[in-house]
Amino acid sequence: GAVVSQHPSRVICKSGTSVKIECRSLDFQATTMFWYRQFPKQSLMLMATSNEGSKATYEQGVEKDKFLINHASLTLSTLTVTSAHPEDSSFYICSASVAGVENIQYFGAGTRLSVL
Amino acid sequence: KQEVTQIPAALSVPEGENLVLNCSFTDSAIYNLQWFRQDPGKGLTSLLLIQSSQREQTSGRLNASLDKSSGRSTLYIAASQPGDSATYLCAVRLGGGADGLTFGKGTHLIIQP
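These protein sequence lines are chains U and L, in that order. The opening residue of the first sequence carries number 6 in my numbering; numbering runs sequentially from there. The opening residue of the second sequence carries number 3 in my numbering; numbering runs sequentially from there.
Treat the hints with care, since some could be wrong.
[To be verified] In the DSS-like style, the derived pairs of lysine-lysine whose C-alpha atoms are separated by at most 25 Å in a straight line are:
1. Lys25/U / Lys71/U
2. Lys44/L / Lys107/L
3. Lys69/U / Lys25/U
4. Lys46/U / Lys3/L
5. Lys71/U / Lys60/U
6. Lys19/U / Lys3/L
7. Lys3/L / Lys60/U
8. Lys71/U / Lys19/U
9. Lys107/L / Lys19/U
10. Lys69/U / Lys3/L
11. Lys60/U / Lys25/U
12. Lys70/L / Lys25/U
13. Lys19/U / Lys69/U
14. Lys19/U / Lys46/U
15. Lys3/L / Lys70/L
16. Lys25/U / Lys44/L
17. Lys107/L / Lys70/L
18. Lys3/L / Lys107/L
19. Lys71/U / Lys46/U
Rather than coming from a laboratory, the hints here were simulated on the basis of the structure. Since the model is a prediction, treat every value here as computed from it, not as a measurement.
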């Protein structure tokens with residue numbers, strides 16, 4: 006089946022630093038990738054939709070200048086949390102849809118971000 | 003705005019029991035509904051995907067039903083095992099192309115050996 010690799014799995018950083026998370030589709034081309042985050046005891050919430058070669062579409066309440074998304078190729082999307090603060094500590098997870106079979110999303114293993 | 007609710011929030015049962023997890027959604031115009039399993043600190047494992055035109059899907063000991071008009075889905079787990087312990091998430095998708103998923107908060111399931 007389709008495999009999505011997300012890296013790193015865990016990151017601890019100091020407040021004010023930027024953190025980049027990578028999401029790769031290993032054995033398929035993904036025209037669309039999605040970024041979600043999950044706060045403790047909350048549901049996964051869609052942050053943004055990333056389309057290859059175009060600007061990401063952000064959900065209401067998600068700051069596009071803080072959460073930079075780049076989808077430069079059909080197999081890679083990156084999420085950069087700029088100037089991270091403790092309130093950005095969360096579980097970030099990406100998913101990807103196979104080009105031509107967009108009704109199914111395959112998820113990465115997620116990244117646990119802790120900002121001190 | 004689509005909202006997804008899962009009941010119960012937590013459930014603990016002895017091994018071997020059959021159990022039902024419930025999911026409801028407010029906007030019945032969904033494209034599909036998916037059940038996932040999430041293990042602590044890990045990503046999501048897709049269990050079953052039901053298209054809007056389908057009524058149910060089965061995989062092994064799992065059976066998921068969908069009643070789109072009433073905005074409900076159930077996940078039935080037969081003969082539960084300790085390895086089934088996890089958080090089960092229900093998610094709906096409104097569109098077929100560029101739409102992300104709307105998730106419920108999940109049901110935290112513990113199967114006692």
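For each hint, the structure was consulted:
| no. | hint | verdict |
| --- | --- | --- |
| 1 | Lys25/U / Lys71/U | 12 Å, holds |
| 2 | Lys44/L / Lys107/L | 16 Å, holds |
| 3 | Lys69/U / Lys25/U | 14 Å, holds |
| 4 | Lys46/U / Lys3/L | 21 Å, holds |
| 5 | Lys71/U / Lys60/U | 14 Å, holds |
| 6 | Lys19/U / Lys3/L | 36 Å, violated |
| 7 | Lys3/L / Lys60/U | 24 Å, holds |
| 8 | Lys71/U / Lys19/U | 16 Å, holds |
| 9 | Lys107/L / Lys19/U | 29 Å, violated |
| 10 | Lys69/U / Lys3/L | 21 Å, holds |
| 11 | Lys60/U / Lys25/U | 17 Å, holds |
| 12 | Lys70/L / Lys25/U | 39 Å, violated |
| 13 | Lys19/U / Lys69/U | 21 Å, holds |
| 14 | Lys19/U / Lys46/U | 24 Å, holds |
| 15 | Lys3/L / Lys70/L | 16 Å, holds |
| 16 | Lys25/U / Lys44/L | 19 Å, holds |
| 17 | Lys107/L / Lys70/L | 20 Å, holds |
| 18 | Lys3/L / Lys107/L | 16 Å, holds |
| 19 | Lys71/U / Lys46/U | 23 Å, holds |
In summary, the structure is inconsistent with hints 6, 9, 12 from the numbered list given earlier, while agreeing with the others.
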